[in-house]
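Q: Spelled out, the chains give:
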Amino acid sequence: MSYDTHKTWLYRLEGRYIHLWQYIQGAATTTLGDYKIRLPGEYYGNQLIYPNEDITNGLRVEYTALIEPFVGDAWEDLTGRYSDDGISFTASTRVIALGAGNTWLSAGFADDDKIRIIGSASNDGDYTIDDGVGTSIAGGATSIDLISTDSLTDEAAGESITIYQIPDEDTTPDESNHVNLNRLLSLSVVDYLKAQLADMQGNVQMKEYYMREFWKKIGDNESNKRKISMTFPTSPYAIR
Amino acid sequence: MTIQELMERVGMKETTIAIAWIKDAFHLIQSNAKEHTKVQKINIIDGIRKYPFPADMISLKSISVKDTTDSKYKKIRRLVGEPTVTEDTDPE
Chain C
100 MSYDTHKTWL YRLEGRYIHL WQYIQGAATT TLGDYKIRLP GEYYGNQLIY
150 PNEDITNGLR VEYTALIEPF VGDAWEDLTG RYSDDGISFT ASTRVIALGA
200 GNTWLSAGFA DDDKIRIIGS ASNDGDYTID DGVGTSIAGG ATSIDLISTD
250 SLTDEAAGES ITIYQIPDED TTPDESNHVN LNRLLSLSVV DYLKAQLADM
300 QGNVQMKEYY MREFWKKIGD NESNKRKISM TFPTSPYAIR
Chain E
67 MTIQELMERV GMKETTIAIA WIKDAFHLIQ SNAKEHTKVQ KINIIDGIRK
117 YPFPADMISL KSISVKDTTD SKYKKIRRLV GEPTVTEDTD PE
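Here the protein sequences come in this chain order: C and E. Using our numbering, read the first sequence as starting at 100 and increasing by one per residue. Using our numbering, read the second sequence as starting at 67 and increasing by one per residue.
Please note: incorrect hints may appear among the correct ones.
To be verified - Across the chosen pairs, the derived CB separations fall in these ranges:
1. SER137/E with ILE166/C: 20 to 30 Å
2. ARG75/E with ALA255/C: 42 to 52 Å
3. ALA255/C with ALA121/E: 39 to 49 Å
4. LYS141/E with GLY239/C: 39 to 49 Å
5. GLY198/C with SER97/E: 37 to 47 Å
6. GLU274/C with SER125/E: 22 to 32 Å
7. ASP210/C with GLY113/E: 49 to 59 Å
8. GLU71/E with GLY198/C: 34 to 44 Å
9. PRO139/C with SER125/E: 42 to 52 Å
10. ASN281/C with GLU80/E: 18 to 28 Å
11. PRO335/C with SER97/E: 34 to 44 Å
12. ALA237/C with LYS116/E: 47 to 57 Å
13. GLY125/C with ASP90/E: 43 to 53 Å
Since the hints were derived computationally from the structure, they do not count as laboratory data. Quick caveat, the model's predicted, so the values are computed rather than measured. Even for Gly, the Cβ is constructed at its ideal location relative to N, Cα and C.
The whole structure should be built from the sequences, with the hints applied where relevant.
A: Structure representation (structure tokens):
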């Protein structure tokens, strides 16, 4: 049984592999009859050993990848968001109800929107709205059903749940698809394209200029998320 | 912003190369800014230390191991340097 894994497990990077090590303080042992015995003459102390147990889904790797680069909606147009503890789920009809008086329209959703549910007891995941139940979403529906390929688990209201709209990926993109980036990062992609064009034309100076602009916008986008301000005094001889 | 709008801003006409370059730009953004992250879980097997990175990985954010006493994933630390292996049944 693994315990305090943040203290007793270590990893090492080796090419395209992760090497896992377990840190133990002990010695080599063997089982004799019903007794576990320490072998005489064996080293006792701090050791690194290979993982010594099976753990289902035990290793979790968080990483960046080329995730849904092209989507059907611009980030700025993703308006749907709703949080409440009155949301319930019905498996047989694939219905999600917001509760009395709360409409999907006022929460910013529409037909065919792709949604992500978080905070539920057993329905966290990505789904696609089919349409409103009883009336259309535009007509003020308080419940929606999902497309036939989606499935839900019965769940009564009570959990603090958030539903928000996510962009719908297109795996065969064409000119009408959006880049799955916000406006500023999309503008950085414009600089990148200009840099590549300049590179093709052999204009290295211009390529370097646009690559600098590319990285500058990525940096700006990152600093937009952090509330840190830096102020530098202007020296008396500074050129303005 | 649509692909068409990107191409118009740059003055490009070939969609295929534009999409390929946009993907390249995505790689650079994901490599440095970690705009979208993803999680993959792998079974840990008794006696096996070597586990492959996800094939689609651009940059690593964190590695965690499940603590089975409380069913929580806890970030583990990176070992710097090669450990001294005294007993190895499958040395490489």
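Q: Taking the hints in turn, state whether each one holds.
A: Hints versus structure:
In this structure the supplied range 20 to 30 Å holds for SER137/E paired with ILE166/C, their Cβ-Cβ distance being about 27 Å. Take ARG75/E and ALA255/C: their Cβ atoms lie about 51 Å apart, and the range 42 to 52 Å holds. Checking the proposed 39 to 49 Å range against ALA255/C and ALA121/E shows it holds: the Cβ atoms sit about 41 Å from each other. Checked against the given bound of 39 to 49 Å, the beta carbons of LYS141/E and GLY239/C, roughly 46 Å apart, stay inside it.
Distance hint check: the CB atoms of GLY198/C and SER97/E are about 44 Å apart, consistent with the given range 37 to 47 Å. The beta-carbon spacing between GLU274/C and SER125/E, approximately 29 Å, falls within the hinted interval of 22 to 32 Å. The beta-carbon spacing between ASP210/C and GLY113/E, approximately 53 Å, falls within the hinted interval of 49 to 59 Å. One distance hint, 34 to 44 Å for the beta-carbon pair GLU71/E and GLY198/C, holds here, with the actual separation near 40 Å.
At roughly 49 Å, the beta carbons of PRO139/C and SER125/E sit within the given window of 42 to 52 Å. In this structure, ASN281/C and GLU80/E meet the distance hint of 18 to 28 Å, their C-beta atoms being roughly 26 Å apart. The hinted range of 34 to 44 Å is satisfied by PRO335/C and SER97/E, whose Cβ atoms lie roughly 42 Å apart. Checking the proposed 47 to 57 Å range against ALA237/C and LYS116/E shows it holds: the Cβ atoms sit about 55 Å from each other.
Separated by about 50 Å at the C-beta atoms, GLY125/C and ASP90/E satisfy the suggested range of 43 to 53 Å.
Violation of the numbered hints given earlier is absent; every hint is satisfied by the structure.
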